[in-house]
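Start from the sequences and build out the full structure, keeping to the hints where you can.
Number of protein chains: 2
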Amino acid sequence: MASYQAPLRDMRFVLNDVFRAGEEWVAMPGTAEVTPDLADAILEEGARVTWAELFPLNQSGDAEGCHFDAGRVTTPKGFKEAQRTLAEGGWFGLGGNPEYGGQGMPKLLTVAFEEMLYATNTSFALYPALNTGAALLLDHHATDAIKRTYLPRMYAGEWLGSMCLTEPHCGTDLGLIKTRAVPNVDGDTYAITGSKIWITGGEHDMVDNIVHLVLAKLPDAPEGTRGISLFLVPKRKVGADGEAGEPNSVVCGGLEHKMGIKGSATCVMHFEAAEGMLIGEPHQGLAAMFTMMNYERLSIGIQGLGLGEVAYQSAMDFARERLQSRAPNGPAAPDRPADPILVHPDVRRMALNVRAWNEGGRAFAAFVAQQLDRVKFHPEEGVRDEAQALVALLTPVAKAFLTDRGFDATVEAQQVYGGNGYCVEWGAEQYVRDARIAMIYEGTNGIQAMDLVGRKLFRNRGAYVTCLLALIRGDLETLDKQEVSDFKQAVQQEAERLGRVTDELLERADGRPEELGAAAVDYLNLTGHVVYAWLWLKMAIAAQAGLDGQGTAGERFYRSKLAVGRHFINRMLPRTEALERQIRAGAKPLMTMDDEDFMFTG
Amino acid sequence: MASYQAPLRDMRFVLNDVFRAGEEWVAMPGTAEVTPDLADAILEEGARVTWAELFPLNQSGDAEGCHFDAGRVTTPKGFKEAQRTLAEGGWFGLGGNPEYGGQGMPKLLTVAFEEMLYATNTSFALYPALNTGAALLLDHHATDAIKRTYLPRMYAGEWLGSMCLTEPHCGTDLGLIKTRAVPNVDGDTYAITGSKIWITGGEHDMVDNIVHLVLAKLPDAPEGTRGISLFLVPKRKVGADGEAGEPNSVVCGGLEHKMGIKGSATCVMHFEAAEGMLIGEPHQGLAAMFTMMNYERLSIGIQGLGLGEVAYQSAMDFARERLQSRAPNGPAAPDRPADPILVHPDVRRMALNVRAWNEGGRAFAAFVAQQLDRVKFHPEEGVRDEAQALVALLTPVAKAFLTDRGFDATVEAQQVYGGNGYCVEWGAEQYVRDARIAMIYEGTNGIQAMDLVGRKLFRNRGAYVTCLLALIRGDLETLDKQEVSDFKQAVQQEAERLGRVTDELLERADGRPEELGAAAVDYLNLTGHVVYAWLWLKMAIAAQAGLDGQGTAGERFYRSKLAVGRHFINRMLPRTEALERQIRAGAKPLMTMDDEDFMFTG
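Those protein sequence lines, which keep their order, are chains A and B.
Following full-length UniProt numbering, the numbering of the first sequence begins with 1 at its first residue and continues without gaps.
Following full-length UniProt numbering, the numbering of the second sequence begins with 1 at its first residue and continues without gaps.
Hints were generated in silico from the structure; no laboratory data involved.
If a hint is listed, it holds; no wrong ones were tucked in.
Heads up, the list lumps identical chains together, so a pair's fine if it works in one copy or across two of them.
When the alpha-carbon atoms are kept at most 27 Å apart in a straight line, the in silico DSSO-like pairs for lysine-lysine are as follows: (1) Lys178 to Lys258; (2) Lys77 to Lys258; (3) Lys588 to Lys488; (4) Lys147 to Lys237.
Quick look at the structure:
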């Protein structure tokens with residue numbers, strides 16, 4: 001059956017041994033109060049509350065799904081109560097701005113909590129994830145009056161946010177949206193009219209009010225994406241007293257029937273001259289929305305990680321219990337009718353694959369989180385700038401690579417179960433279904449790859465990649481442990497590969513934009529592999545230091561860490577060779593075939 | 001929405017241009033009557049009947065599923081009528097033994113029809129697939145009396161077969177089965193007692209009788225797999241008149257709730273001193289069952305292929321209609337608000353990935369089918385022996401590689417849709433769910449890989465691989481077309497790689513059986529890639545010959561074939577480099593970590 005404990009030992013390793021969170025926090029004014037003890041208490045309590053409140057609702061929520069009746073959406077049994085408990089525990093405002101009632105915890109800590117949310121109940125996790133992103137957007141772009149009214153409620157989990165972008169005819173290409181915003185006679189508000197689809201948490205029964213952030217076009221809007229504005233449209237209008245009052249003209253038209261995340265209400269939303277407030281400047285809505293989208297992109301990456309982790313733990317529970325055949329070198333459990341399947345090399349190979357992705361992903365998410373904290377809190381401009389470059393470069397990689405690998409992890413974990421993995425009761429198949437959406441929404445992984453090679457690579461002629469490679473090379477020069485020279489050698493080789501491929505691609509794509517599209521997904525994959533390899537080097541050094549320093553206390557943990565890292569280096573990293581060759585294959589072979597020849601011709 | 005036409009043009013290309021089916025058939029006494037016209041008529045009518053009868057029931061069957069009520073199973077609406085129509089059309093006996101009412105069509109032809117079955121409705125396809133395998137088993141191992149009674153009914157689709165192997169505590173390790181067979185006092189029949197799970201078509205409402213082939217142990221059975229016997233246990237006892245009479249003591253205890261193939265009844269079956277007849281010799285049941293299992297393994301491979309094809313066609317329909325963003329070099333459809341997404345290099349890359357797997361898989365299935373026909377029909381012993389070696393070697397590869405690639409294909413096709421791919425109504429997500437099981441049942445793909453490296457490689461010290469490589473090298477020496485020298489060079493290199501890796505593995509595994517397990521899945525993957533590359537060379541030569549020979553009639557088809565083949569060679573085949581390195585990584589790193597360290601330690 002499904003099994004999960006938050007991987008606190010590994011989270012602490014990443015925070016403390018690899019990223020030296022304590023030293024980092026104490027050095028930045030905004031995080032100086034985050035002591036290691038406080039951080040640890042938050043992780044412990046986060047692990048407890050997600051395990052106790054959310055994990056038991058995961059399979060039942062999938063089986064039941066959300067209900068729609070005449071515009072009202074009911075979440076699965078128990079969701080509402082769990083939401084209340086988490087809200088009362090302060091979990092909806094964990095990273096929020098303290099000026100408006102948030103707890104101001106650093107991202108390096110909140111990503112660990114997000115992983116627990118997604119691992120225990122991905123459908124549920126999406127409600128706080130959207131809320132956190134919406135609050136972040138308002139904190140960046142709204143007026144103080146709006147912030148004072150909305151943020152404390154959102155941090156308290158009394159009202160929850162939603163993100164309304166997609167319309168039936170457009171998702172990726174938001175320049176095509178048809179939703180209109182017309183100024184009301186009050187001179188202050190706008191009448192928003194249009195239909196949005198795939199709105200996560202667009203309507204539900206968990207809270208009194210829903211804070212919709214809606215993209216729409218003003219009457220004088222320029223064509224395309226430069227004519228999009230952003231509006232706050234509450235489900236219930238908020239009076240001068242700050243309380244939710246009469247209903248706004250926002251109607252849920254129905255729910256999507258989906259492959260997974262069935263406890264998450266994916267809504268069709270109709271805005272019928274609904275009252276909204278402009279957030280930020282007219283026509284600058286997409287840029288503002290990106291504050292939220294970038295947050296969600298990392299968050300969705302963590303969805304992949306969380307699902308990979310719970311899938312791993314559950315599969316290992318099965319592999320320890322299931323008896324089938326004998327170990328290759330003779331019985332491992334001679335007193336039983338067969339050996340636990342974990343004795344088989346191929347089962348161990350699958351397990352190590354999953355684990356190498358998960359632990360690499362955990363370090364990757366933490367690294368990006370650390371950069372986000374530096375952007376926000378670090379006193380030195382140079383550090384902030386470097387961190388900003390890394391965040392820009394790695395956000396699409398975090399979204400796409402972590403979700404691709406998360407999906408692979410759930411599929412590989414499902415395979416460990418044999419036929420049981422296909423039967424609903426064991427839970428493994430739900431993880432696959434729930435993980436699949438993460439590669440699609442929040443910008444498909446193909447779109448992330450285009451963002452990477454376009455905005456984040458070509459537009460600045462590789463400056464961000466140069467920044468990343470300088471960091472890696474700096475580590476290669478300064479970090480030293482004879483025992484992990486195999487890691488170092490691999491990273492050396494892969495950093496060279498990424499540099500070489502980058503230079504070639506920039507040259508080839510000059511005046512030939514189709515070259516970027518043809519290389520995008522493979523280039524993102526290559527970048528992901530290289531960064532994971534580098535992070536595995538950092539982890540290996542930390543694990544080796546742990547082994548050298550502390551006797552037997554953490555010995556098993558550190559030895560396992562090194563074994564998993566070597567599995568990554570020897571069994572997974574070799575794929576980069578193929579990725580380099582695939583990138584080099586270029587656009588021409590993709591573009592020469594006629595469109596018609598892609599179609600079926602009987 | 002879902003879209004499918006049987007790929008008759010490509011099927012004809014494979015049959016006629018690549019494998020010269022007509023010449024082959026006319027040269028073998030058992031197939032001499034299969035004229036190209038007859039073959040073509042069968043393909044055409046097969047395409048029509050599956051499209052008209054099965055395809056419309058695919059999504060509705062998934063939504064409705066099977067029903068269980070007090071031991072009775074009802075299939076989804078329309079299944080029973082479709083079964084009747086196909087049965088009356090003779091489709092259940094297409095490859096059956098003509099002595100007992102079958103039509104004796106060669107496998108090279110029936111695999112094409114099987115692909116159509118799986119493409120249009122995988123859940124439905126499993127009923128005839130199990131029946132065909134059961135009939136094949138009886139034809140090989142049953143007495144003439146049993147064959148005369150059962151085969152005509154099974155070929156007519158009046159009775160259908162099932163395959164009862166797995167028990168709750170064992171699937172892979174059949175030596176552990178507990179089902180018992182005790183001789184009855186009549187001296188002729190046996191009383192079968194035990195429970196079986198995951199029995200596809202174990203109970204349903206489509207026909208009057210179900211012919212269960214059941215593995216059980218006789219009282220004096222030796223331990224393990226050498227003590228398994230095979231029994232025919234009909235749902236209703238068959239009288240001397242050959243008619244189904246009183247019910248046997250066979251009870252369906254329930255249905256599994258599964259990720260997909262929801263229209264396929266996956267049953268728990270209880271045999272309560274049910275009357276059965278021994279098939280073949282006592283204790284030799286597993287060997288006899290392998291006649292059926294080997295059939296099913298190729299068939300399940302074709303499930304992957306069929307689903308990959310329907311997923312491709314449906315995705316291309318979407319990609320042609322969906323307008324989003326502009327082509328990288330400027331508008332392709334300037335009069336429309338955006339371009340069809342097929343203009344984007346990354347969408348084309350995904351499309352070509354899927355297509356390269358599908359077309360390679362179609363050729364692979366046909367190649368194995370041709371060898372099966374030679375084993376059965378060819379007059380020369382040497383040819384039969386070579387074909388038998390190739391069938392033995394390639395059956396696990398066909399099962400695992402085609403289903404792995406079929407799953408990849410459905411996932412990649414789903415990605416083309418963006419968010420629509422995750423919504424049930426578009427059908428793309430069902431293909432993913434239906435394809436996932438093919439990697440698990442009929443022996444997981446890990447078990448197929450163990451069969452490959454153990455029985456089919458190590459046990460004969462690589463003799464079968466040597467046979468395959470000789471065939472490939474023979475082609476490299478004799479086939480010549482300057483225009484496809486790039487294909488030839490790639491195959492040359494990959495054949496060398498497979499030879500090198502095989503030699504190394506055989507040496508390393510000597511006395512170290514865990515080395516086989518550690519290499520198994522990667523070795524199977526490598527073999528699959530190499531065989532596909534070789535078949536792509538054969539296809540490229542046939543396409544080039546077509547281009548050279550026939551002017552413009554088939555020009556577009558042949559040019560596309562070459563383009564897809566080059567996509568395979570340049571974009572997909574490079575993975576073999578990593579596979580070689582992964583195989584070389586060996587068993588030790590997998591085996592050194594303690595079992596406990598695989599478990600979660602908080």
